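K.L.:
Given next are the chains, with one letter for each unit.
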Amino acid sequence: MSARQSGFGGQLRAVFRKEVLDALRDRRSLMSALLYPILMPLMITVVFGAVARLQGSERPLEVPIVGQDRAPNLVAWLEERGVVIQDPPADPDAAVRDGDVDLVLVIDEDYGEQFRSVEPAVVRIVHDSSRTASLSSIRRTRNLLRGYSSEVGLLRLLARGVSPGVMQAVRVDDLDLATPAQTAARFFSMLPMFLILGSFIGGLNVAIDTTAGERERQSLEPLLVNPVSRSALTAGKWLTTTVFSLASAWLTLAAFVFMMRFVPLEDLEMQLSLGGQQLLLMAVACGPMALFASSLQMFVATFARSFKEAQTYVNLLIFVPMIPGMVAQVYPLQPAMWMMLVPALSHQLLLIDVMGGEPVTALNLALSAVATTALGAAFFGMTARMLRQERIVFGRG
Amino acid sequence: MIEVRNLERRFGEVVAVDGVSFTAADGRITGLLGPNGAGKTTTLRTLYGLLRPDAGAATIDGIDAVAEPLAVQRRIGVLPDAHGLYVRLTVREHLRYVGELHGLDGDAIASSIERLVARLDMGEIIDRRVEGFSTGERMKVAVGRALVHDPPNLLLDEPTRGLDVMSTRAMRDLIRQLRADGKCVLFSSHVMQEVSALCDEIVIVARGRAVAHGTPDELCQRAGEDDLEEAFVRIIGSDEGLQ
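Protein chains in written order, with my numbering: chain A, 17 to 413; chain B, 229 to 471.
The set of hints was computed from the structure by calculation and includes no laboratory data.
Treat the hints with caution; some may be incorrect.
Here are a few chain B residues that face chain A, going by a calculated C-beta distance under 7 Å [said to hold, decoys possible]:
1) Leu-279
2) Ala-310
3) Tyr-314
4) Tyr-325
None of the values given here were measured: they were computed from a predicted structure.
Quick reminder that beta carbons are idealized off the backbone N, C-alpha and C, glycines included.
Please construct the entire structure, taking both the sequences and the accompanying hints into account.
P.N.:
Next up, the structure:
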C-alpha cells in the first residue's frame, strides 16, 4: 500500500480537523474563547445599569428649614418646584454632622426686614461638604435659591423701570450638536474595542497551543516527519485559531446586544439602535481582524523559545489593539485614509461609525479588510517559513 | 534502502556528524550503535529531512532527503527522538491524523488501524485518550504512528528507551516482523543487548564517525573478541587510542 500524493487541501483539512477537536477538548482554549465574550458585556451592563440607576434616582429634594415663617414666599416658591419642606431638627449642626440630614436651610432672623428694605436677605445652608452623598442635594438647593434670588431681583428691576437685560452682560447658550445617537455611540465606543479584544483573546490559547505547545509537548518533530507542506500545516492551525477568535468576537457582539436590553438606556438619555444591517457589518468587519490577530499570535508564539515565553508575549500583545480604543476615548479620532490601513485602528473607526449610524464607505471597508488580511497573510508566511528552520523546530537553547 | 554517504554536520563549534557512511538494506535490521552524543540522532534527523547536512548525502530508495524531503517522508515511518503525543486525543485519532497527512482515504486508514490494533495489541486502548498512558502504551501509539501508512523504510530512534522487559520483548518481535515483511529497518540504540539481539548489521558510531560496520560475528572477529560487548569497547576504545 503506497500513500497517495496528498494535496494541500486534504492536508489542511486534516490539520484543521485535528486542531479543532484538540482545542474543543481543551478547557483552557474553550474558556478563553467563551468566558471573555460573556464576562465583558456583563461587566459593561452592570456598570451602565448602575450609572443609569444613579442618574435616574432624582429623589424629591428634602429640605429642613429653620424659620419657615420668616420667609413664607420663599418657602412657597420652593414647594412649587417640588421641594419637600421639612421641620428642622432640634440641633441642625449636630444633625448635619451626624449625617441625619443632607443639609439644613436657616432663614436669618432679620430676613424679613432685610428683604423689605431691599438689602441682601440672608439664608444659610448648613452642610458638610466632606459627605459626597449629600453633594447633590446641596447643589440642587443652592441652584434653587440662586434662581429665586435672580427672579426676585429681576422683578425689582422691572418695578423700577430698568430692563432686566442690564443685569446680564453675557448670556451663555448651549447648542449641543451631538445627536442622541452620537452620544450613545460615544458611550458605546467601547464596544469596538471589546470586539477587537475578543478576536485577540478568543484564539489566544489555540495560537499558543498549536505552535509553542506543539514543540513543548515534543509532538512537533513527529508531526514534521510526515510529508506535509509547512504551508498546509500552518494554514490548518491558522484557520483553527481564526475560528476560535471569530467565534469569540461574534459571541461578544451577540452577548452585548442581548444584555443591552436590560440596561435602561432611556435613563441615560441615549438611544442605541443596532439594526440588522449594522450588526451584519460589524460581524463582517471582525473577519479580517480575527485572521490578522490569529496569524500575529501564531507568529509570535512560534518565535518564542518556550510555552511560557509564548504566553507572556501573546498576552502582552493584547494591549496593542487596545491603544486606538483608548485614544478614541480621550481624543476622538478624525478618520483619515491611512488609518484604514492599520489593523485594529481601522476597525475601531469603522465600528464606531457603524454604531453611530454614520455611512461607511465601501472603499474604507475594503481598504481595511484588504490591509488587515494582507498583514495577516504576511505573518502566516513568516510562520510557515520559520517551521522550516532547524532552530525553531528543535528549539533554541 | 537507506544510504548515507560521508555525512557531515556541525552545530556551531560542535561537530556532531563527521563523515558517517553506511547502507541499510531492505529485509534487514540495521542498528546504529554508539554512546550518547555519538551523532546517531543527528544522522537520523538528516535522513528524515529535518536537518540539513553540511556535506555528504542521505538517500532513501534513491531519493535525496535534502533535495526532496517530502518525497522521502512518504517512503518512511519514523519514531523520532521526541515522540510526544496529544493528550486530549485518542489513539485512533492519532493514527487517523497521520494517515490523513499521508493522503490515505478513510477506508485505507480504518483497515490500517485494524491491522495495527492486532499487531501492537492495542484493542483496549485504541479509543482511549492518551492522557495518563504508561510509557509502554505511549510507545505503542508512537510506533503505530510510524506504521499507519505501511512505509517500506523504518527509522526508529531508540525504540526501547524507557520500556520494561515485556514491552521491550514486544518491540523486538515487532521489529523482526517488519523485517519479515521485507522492510528496511534502521534503528539507533546505545544498548548493546538490544543491538546484538536484533541486528543483522551493526554500524558502530563514535564521535560522529562510523567506526565499524558489519554483522555481529564480523565485528567480533575484527576485534578478536568472542563477546560483542568486548568487541564494542575494543572498537570504540581503539578509536580513542588513535586520537
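K.L.:
Would you mind marking each hint as holding or not holding in the structure?
P.N.:
Hint by hint, here is what the structure shows:
At about 6 Å, the closest approach between the beta carbon of Leu-279/B and any beta carbon in chain A falls short of 7 Å, and the interface hint on this residue holds. The interface hint given for Ala-310/B holds, since its Cβ lies 4 Å from the closest Cβ of chain A, which is under the 7 Å cut-off. Because the beta carbon of Tyr-314/B sits about 6 Å from the nearest beta carbon in chain A, less than 7 Å, this interface hint is met. Taking 7 Å as the C-beta cut-off, the interface hint given for Tyr-325/B holds, the closest approach to chain A being about 5 Å.
When held up to the earlier numbered hints, the structure conflicts with none and fits them all.
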